[in-house]
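Next come the chains, spelled out residue by residue.
2 protein chains.
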Amino acid sequence: MKNLVGACVFGQSGGPTSVINSSAAGVFLEALQQSNITAVYGAANGIKGILDEKFYDIGKEDKKELELLKYTPSSALGSVRYKLKSAETDDTDYKRILEVFQKYNVRYFFYNGGNDSMDTCNKVSKYLLAAGYDCNVIGVPKTIDNDLYGTDHCPGYASAAKYVATTMMELNLDAKVYDKPQVTVVEIMGRNAGWLTAAAALANHKGLGADLIYLPELPFDSEKFLLQVKSVMDKNNGKCIVAVSEGIKTSQGEYVAEALSKAEMAKDNFGHAQLGGLAVKLADLVGNKYGVKVRGIEFSLMQRCAAHLASKTDVEEAFRAGQEAVKAAVAGETDKMVVFEREMSSGRYACNFRLMDVAAAANTEKKVPLEWITEDGTMLGKEYIDYALPLIQGDCKAPLEDGLPRFAKLKKVLVK
Amino acid sequence: MKNLVGACVFGQSGGPTSVINSSAAGVFLEALQQSNITAVYGAANGIKGILDEKFYDIGKEDKKELELLKYTPSSALGSVRYKLKSAETDDTDYKRILEVFQKYNVRYFFYNGGNDSMDTCNKVSKYLLAAGYDCNVIGVPKTIDNDLYGTDHCPGYASAAKYVATTMMELNLDAKVYDKPQVTVVEIMGRNAGWLTAAAALANHKGLGADLIYLPELPFDSEKFLLQVKSVMDKNNGKCIVAVSEGIKTSQGEYVAEALSKAEMAKDNFGHAQLGGLAVKLADLVGNKYGVKVRGIEFSLMQRCAAHLASKTDVEEAFRAGQEAVKAAVAGETDKMVVFEREMSSGRYACNFRLMDVAAAANTEKKVPLEWITEDGTMLGKEYIDYALPLIQGDCKAPLEDGLPRFAKLKKVLVK
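So the protein lines, in turn, are chains U and V.
Mind the numbering: the first sequence is residues 553 to 968 in our numbering, read in order.
Mind the numbering: the second sequence is residues 553 to 968 in our numbering, read in order.
The shape of chain U in the complex, shown without the other chains (with noise of 0.2 Å):
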């Protein structure tokens, strides 16, 4: 643990969230706070701005403007997917962010992404420490997707989810409005974890959901799924929601959608496939089945963008998760992630931060466990329930101007 005096360096890796700006503004005001840390930097595109040596000056930035990074989605600095190689077989990038680091006086790195990111923050202050160059690593975690490891759950997620319930709610008062048979089914993110499509079920707790979720974490059945949509038909004067997960796959463990356009191709003769997402596909597949009214609907990028909607929770632990990086950072720390830890006492909800190794976050998966899902793998248990709603409490957006989102305007001031 040392204390160290020099700039920081703050990244955005991977998709955006509602929220990672938020947690930006919790890094960037603790930081420019904090009298060991001279100089405060946001690397453009993540780590590829430290190669590229393009650093925004933090601190000529308006505060006001960074404290509307709480409320503006997406990723104000720029982000990217890059996975850096490991130091052994190519150690080119390493070399250059030590150089880097030493020509800004880098002493505090913070990055802010999913599992991926994790693996980035771990393989630099890794490489650091045996360089011998003094610089402590804090990962901030991110990710809709809420799949890391040793933590409750990730920045981001519950304002996805509450996208996610609030939509299904809305869309459930829509698809039944005419006095006619109809199937809809909601295409949500998520390629290998069921979490933000779990959160259709929140939906189902307030009376207006899906009647069938169907989650990466069990295999798919195309005929189960079409004797399913017909059970729940003949119960439902012929109305059907369905939300299913992007990353659903067969036994086979191929991606449906790919399943489907084969077996099209098959009957087709040419190997012709159609295009279209999953969500049209099974539609189609209903349609023709059953010769009803049918829609398929993408959440598309709106899932992850719709700070409009975000959890006031998500938003207050984002920004603390930011400023609790730095915490850690200055006190010494390095080559660690932020995590949460849920406390429930007398049925209230509260998160506490702790610091957990990176590498343990690096590269790993938490799914849904399976015992949340009911026996007949289309629906979430009230243990879901329990674990999410917390999650999605209160309101909290940018002020509006003209009646539209007042997002924050940063100048980026390149850092010469």
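Mixed in with the good hints there might be a few duds.
You can't tell identical chains apart in this list, so a pair holds if it fits in one copy or across any two.
Stated by the list, open to error - As a list, the in silico EDC-like pairs of lysine to aspartate or glutamate whose alpha-carbon atoms are at most 16 Å apart:
(1) Lys758 - Asp938
(2) Lys864 - Glu953
(3) Lys864 - Asp954
(4) Lys963 - Glu868
(5) Lys964 - Glu617
(6) Lys732 - Asp604
(7) Lys655 - Asp704
(8) Lys758 - Asp954
(9) Lys600 - Glu651
(10) Lys606 - Asp731
(11) Lys600 - Asp731
(12) Lys934 - Asp954
(13) Lys758 - Glu953
Calculated directly from the structure, the hints in this document are not laboratory data.
Keep in mind it's a predicted model, so treat the numbers as computed, not measured.
Go by the hints and put chain V onto chain U.
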């Protein structure tokens, strides 16, 4: 002008909106106060509920729930798409309506919808008049398309426009996050009139909009489109965001989505077109031409049911439209539609409520004035911003319960 004593029936028709239930609340709460109105009925699924004699007794509902209708999207009574034949061709439906109205002593009929629904109002009121049955019929306008003739704007439009503008701002931030070329195409509702797609320009007004906006008011040329996208990408670090109306047509009057399918089929030699909406097709066109990352996004049903983003101005005007319809009918008016008249005094917007012959609104379409579109056909001018901005002011939404909207829950007690 006759002052009548009897029951009233209210029905909802056509595609739902975020505020159609706000008009229902206006009709119900006003009608329940009128001493000339002896019973307040809600027709299940619009005109179909009248033909089927399926009425909900609104007098049995809790007033608190009727108030919550203001913030509840979709059609609480159920909607219908049903175009009455002309009475000269086939008067079966009309005889049935008269029979039902006589049986329940219905002396007031309010119908909420777009131009087809106003046609229904007109036909029913003409028939009842000819049959010598006294019943005052008033149309309450509603459509996210904003294409009704004779009214400054339509209830439902502003909330959908606010969704489009807010979401475009959020997507704008998300779509620019990586340091790589990316073209995003967003498809917005509106078959023949581009009002809702135009709302993307409100996001431009706040600096975070679409680079190119294509309305159905002008013919669409794919080659020109590709050049326009390229020109934006060249100026803009490879980024381009396009907002496009689902209803854009070629100069031959063919829907662009269909024309693109045919072009694919011709190329394919086997007559196969790829599925997928217009957004995906246009995005693929760009991706194939320029080899850049593309994404097609549909606002789908969300744009018409996202009540959590409703415009307060819209919610209140929709409510007033319902109230005014009842007041006018009780005062003896019939065969009319409530219209909105804009009043601007010292830069402040106000909305006045008037009546117009419903025949004038029936089956007509008001389009975006061509002079509001910039010369190259890809953007809206200041006239549109001045028109639309006052309409999207103010926030209002359902109270939260467990962090999620508490929508109205009607008992829907059937009238025996």
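Hints, one by one, checked against the model:
1. Lys758 - Asp938: within (13 Å within a copy, 39 Å between copies)
2. Lys864 - Glu953: between (20 Å within a copy, 14 Å between copies)
3. Lys864 - Asp954: between (23 Å within a copy, 13 Å between copies)
4. Lys963 - Glu868: Neither, since 24 Å and 39 Å both go past 16 Å.
5. Lys964 - Glu617: Classified as within: same-chain Cα gap 11 Å, cross-chain 49 Å, threshold 16 Å.
6. Lys732 - Asp604: between (58 Å within a copy, 15 Å between copies)
7. Lys655 - Asp704: Neither, since 38 Å and 62 Å both go past 16 Å.
8. Lys758 - Asp954: between (33 Å within a copy, 9 Å between copies)
9. Lys600 - Glu651: Only inside one copy: Lys600 and Glu651 sit 14 Å apart there, 75 Å across copies, limit 16 Å.
10. Lys606 - Asp731: between (58 Å within a copy, 12 Å between copies)
11. Lys600 - Asp731: For Lys600 and Asp731, the Cα distance is within 16 Å only across copies (9 Å; inside one copy 54 Å).
12. Lys934 - Asp954: between (42 Å within a copy, 14 Å between copies)
13. Lys758 - Glu953: Between copies only: 9 Å across, 32 Å inside.
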